[in-house]
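Keeping their order, the protein sequence lines are chains A and B.
For the first sequence, the tail end lands on 128 under the working numbering, and the numbers increase by one without skipping.
For the second sequence, the tail end lands on 1232 under the working numbering, and the numbers increase by one without skipping.
Honestly, the hints are just simulated from the structure, not real lab data.
Hints may contain errors.
Unchecked claim - According to the in silico footprint, chain A covers these stretches of chain B (three or more CB under 8 angstroms from chain A):
(1) 1024-1034
(2) 1063-1072
(3) 1081-1093
(4) 1140-1148
As the list claims (entries may be wrong) - Okay, the calculated bits of chain A under chain B, using three or more residues with CB under 8 angstroms as the criterion:
(5) 7-21
(6) 33-43
From the three backbone atoms N, C-alpha and C, an ideal C-beta is built for every residue, glycine too.
These are the residues of each chain, in order.
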Amino acid sequence: MAWQFTSNRPIYSQIVDEIELRILNGTYEMGMRLPSVRDLAMMAAVNPNTMQRALSELESMGLVNTQRNAGRTVTTDEEAVRRARSAKAHTLTQTYLLQMKALGLDREEVLERLAKGETKEEENGRNS
Amino acid sequence: MDAILEARALTKRYGATLALNNVDLTLPRGKIIGLLGPNGSGKTTLLKIAAGLLTPTSGVILADNRPIGEQTKSVISFLPERTYLPDWMTVNDCLDYFEDFYSDFDRKRAVEMLTRLAVPANKRMRTLSKGTREKMQLVLVMSRRAKLYLLDEPIGGVDPATRDYILDTIIGNYDSEATILISTHLISDVEKVLDEFLFLKEGIITMHDTTDNIRETQGKSLDELFREVFRC
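Using the sequences provided together with the hints, build the complete structure.
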């Protein structure tokens, strides 16, 4: 199944987000060898050059390493993963708060809803 | 790195019709490039000139630093809009044919791809469906180890599943040294695989940019931009 992309952002940066997510949530385990650029490009149904660019970006973020003979692996640097997760969480939180503000909710209401949402989530988790 | 295809003031006239009007063009190596424009904008004319099937009325065109001719044909693999494989040929005949014609034809690779398609080697072209025949033609063209691939509407007139097969074949066979120039008006289907694009309008190149740059600076997809630029 090809990956889904939105139309308003460069595809390489959407690939960076997707692979980053897979690393952060453990789908791509630490130290795991990544598929080749060509295979990843086929999976995502994108241009290999675009995939290459995304991987270089992930490399400069410290989430992916290039091994001389073994292709690319997911980093084993826990600190780098922790930092990336924290940055991602920060962005998502900021977005959420901004959207709530735009809706006209004050801090109290937001916190209340967060707590409520959390219990709901737990219930859903138990039921499924 | 130097260009794989270069044109200066390239013009093609059919009687009173100006099909290409003073086209200047430099295509880099190692990219997948979309040649995009509405029907009748000159896409096929440009590809056929580069493939050596038409001669320009005026202007200069170089492929791999050489004027178009026998030598450039050996580094250019051209997929015409309509398949030219004769009805009576079998799949195997077609493979022989390509092997005889092109020294860079990788038969093993072609056979591999055809296996995926599950086309028996002794089937005649006549008995294959339109979609299968188009896939077959593409497999042959992509199995050459060329420096420049010119694909004229490779995904026109086939169903979405076939379209995916064709795009997979293009991505899967792409080697990073070669350039693929794809003409199409089905932009949303190909835009994920394009590094760069050219907009061709009434024989004039109105835009040449990278796909990422359009999304970055304008926040819209190539498909959206195309609809704006070519609004009727």
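Now the hints, each set against the structure:
1. 1024-1034: holds (count 3)
2. 1063-1072: violated (count 0)
3. 1081-1093: violated (count 0)
4. 1140-1148: Answer violated; 0 residues pass the 8 angstroms Cβ test.
5. 7-21: holds (count 6)
6. 33-43: Since three or more residues must qualify, the claim that chain B covers the segment 33-43 of chain A holds, with 3 doing so at under 8 angstroms.
Hints 2, 3 and 4 from the list above are not met by this structure, while the remaining hints are.
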